[in-house]
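J.: Here are the chains, one letter per residue:
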Amino acid sequence: MKVRVYFPGKVVNEPVIAQTILESKSLINILRATVDEHGGDMIIDIPEKDYTKIVNLLRSRGASVSMLEKPIILNEEKCINCGACISICPTKVFNYKEDKSISVDYERCIQCGLCINACPHQALMVHRKC
Amino acid sequence: MPKTLEEINRKIKEGNAVVVDAEEMSLIVEEKGLAKAAKEVDVVTTGTFGAMCSSGVFLNFGHSEEPIKMQRVWLNDVEAYTGIAAVDAYLGATQLSETKGFDYGGAHVIEDLLLGKEIELRAVSYGTDCYPKKSLKTKITLEYLNQAIMVNPRNAYQRYNVATNSSDKTLYTYMGTLLPNFGNATFSGAGALSPLCNDPDYETIGIGTKIFLGGGKGYVIGEGTQHNPKAGFGTLMVKGNLKEMSAEYLKPAIFHKYGVTLYVGIGVPIPVLNESIARKTAIKDADIVTNVLDYSVPKRDRPILRKVTYEELKSGLIEIQGKEVPTSSLSSYFIAKKIALELKNWLEKGNFLISAPLEKLPYDVVFKPMKEEIMRVKDVMLAPVITIKGGSSIREAANLIIEKNIDHLPVVSKENKILGILTSWDISKAVLGKYRFVDEIMTEKVITAELEESVESAAKKLQEHNISALPVVDKEQKVVGMITTSALSKLLIK
Ligand code: SF4
Ligand code: SF4
Chain A
1 MKVRVYFPGK
11 VVNEPVIAQT
21 ILESKSLINI
31 LRATVDEHGG
41 DMIIDIPEKD
51 YTKIVNLLRS
61 RGASVSMLEK
71 PIILNEEKCI
81 NCGACISICP
91 TKVFNYKEDK
101 SISVDYERCI
111 QCGLCINACP
121 HQALMVHRKC
Chain B
1 MPKTLEEINR
11 KIKEGNAVVV
21 DAEEMSLIVE
31 EKGLAKAAKE
41 VDVVTTGTFG
51 AMCSSGVFLN
61 FGHSEEPIKM
71 QRVWLNDVEA
81 YTGIAAVDAY
91 LGATQLSETK
101 GFDYGGAHVI
111 EDLLLGKEIE
121 LRAVSYGTDC
131 YPKKSLKTKI
141 TLEYLNQAIM
151 VNPRNAYQRY
161 NVATNSSDKT
171 LYTYMGTLLP
181 NFGNATFSGA
191 GALSPLCNDP
201 DYETIGIGTK
211 IFLGGGKGYV
221 IGEGTQHNPK
231 AGFGTLMVKG
241 NLKEMSAEYL
251 KPAIFHKYGV
261 TLYVGIGVPI
271 PVLNESIARK
281 TAIKDADIVT
291 NVLDYSVPKR
301 DRPILRKVTY
311 EELKSGLIEI
321 QGKEVPTSSL
331 SSYFIAKKIA
341 LELKNWLEKG
351 NFLISAPLEK
361 LPYDVVFKPM
371 KEEIMRVKDV
381 MLAPVITIKG
391 GSSIREAANL
401 IIEKNIDHLP
411 VVSKENKILG
421 ILTSWDISKA
431 VLGKYRFVDE
441 IMTEKVITAE
451 LEESVESAAK
461 KLQEHNISAL
471 PVVDKEQKVV
481 GMITTSALSK
491 LLIK
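Residue numbers (the numbering used here), protein chains in the order written: chain A, 1 to 130; chain B, 1 to 494.
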């Protein structure tokens, strides 16, 4: 499952993820990571069974954690089902259904944000809630 | 037995015409054969819904209490062209707002009009004896306009080129976002549903053909601008009453870092008068071929990387230079199909008859490039150029550079083909190492210019790569000259 982790400025320099991997002995896959002056922002993929353990470890080190359910929002009113987003997305979130309308596989999204500007109809938004 | 248009229209009026969409038609022909399909089917409907920049609306605002002869006019800060009569204007879909830039344009005004929203109308004038008012500001809605007539100079491209990008930078184009290193390819057009693809010889579509336009009825009023039938790039000029249209089939779009455009829905009915027309309307995606172009080349004639069919494009992946490249459609097949079905519905209900074209679309025109005077690399390059053969010693190169007083020395093969380039700096650096041959120290990835390239584009390369010289190569990669920044600056001062 995908989880979003926020690191406030002061813990950015610490190897929080590495420590969490060592202590939880769980496989954590970093899907996306960005760091700026306000802190770090990361999307990680973790085994569902270790969710509580990992979240507790991360929180104890000062990170805030939230579950990613609908990482992006598709505005169905605006979407014209063109498919411009399909080839842009690195993780194949978008596909055509049988009737050539667009299906969204939210599970796969890593919030890279590439599709947001590529949609000519401004139908996509990244979900930002922490 | 061929049918006449009158027979078909009579059946439509009686409510028993057999109407199918273009996708269905290819299945019917496959199943029943041409003769039977031509006999049974009366009309084939087509549809397309995609970005059609060359679109806009003629508006008439009526006269103000104190009359004004509008010299410039804005709708929600988007300027419309009013170099016509006093209160007439043409609002182009791609015109950008003067306050909101890329976020709002003519296409958005059209949508807001359709949605019944209030639009701020502003105008200025120099004032005349008959039109004394010099400025005006008011609010209007679609309802208050005397006319809002959509006239689109170029719509419904028969097919369109596929765009991809070989460079290492993301490109933002009217073909959408193109990821670096052939990261994706984008295409447009409805393929087998596309109106002109189903009547490529313009046997039934011409001036006066009644069509579905933006959810209302419209007409073909001639060939579109840049109409290029022989290359399979025909276009249509269309008109219709905006007041009868719907926001569902006219949608503004923003192409990131490119601009605003309007998605227009068009559907054209094609009467199946004979077997030949039946055969043409049975066209499939696999029969429609187009070119994949490299949009990273900033030239009018972009290199064709390969040919591809709409069937391949719609599969989601195509191969370009050995790489699997994901494809995306910019136009909506989903809505194109909806339009074809809606038009079918109108015909079946008997409230839309087929009009015979008054005149056929021209077939004998060509789309010419712009006439302009361009300074080309071949006109300003330094030639002959001093080069050195691969395998020569660094000492020889040093001698040449000193003797001829040059800074750049292209390294070439026996056939004079480019292998690399040396600068005086490379040579000085080489003194510090244990190198012996030019091949060891030259830069192998040489940025070059072509003979026919414009000087402007060569100058851009110099600037982009932060270099001061470009070897000029011919079609066979043979070095034939040099372009240097110092030679270019002399050119400017001259
Ligand atoms: S690019 Fe935008 S409008 Fe097109 S299918 Fe994707 S979300 Fe919908
Ligand atoms: S943000 Fe958009 S492009 Fe990026 S992974 Fe999610 S759906 Fe794909």
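Simulated from the structure, these hints should not be mistaken for laboratory data.
Among these hints, one or two may not hold up.
Calculated Cβ distances over 12 Å to all of chain B for the following chain A residues [what the hints assert, rightly or not]: (1) 1; (2) 3; (3) 19; (4) 21; (5) 27; (6) 36; (7) 38; (8) 43; (9) 64; (10) 87; (11) 97; (12) 102.
Some chain B residues close to chain A (C-beta under 10 Å, calculated; not the full set) [claimed, not checked]: (13) 176; (14) 177; (15) 180; (16) 255; (17) 293; (18) 295; (19) 297; (20) 322; (21) 325; (22) 333; (23) 336; (24) 337.
C-beta: ideal position from N, C-alpha, C; glycine also.
J.: Please flag the earlier hints that this structure goes against, numbers listed from lowest up.
T.: 10, 11, 12, 15, 17, 18, 19, 20
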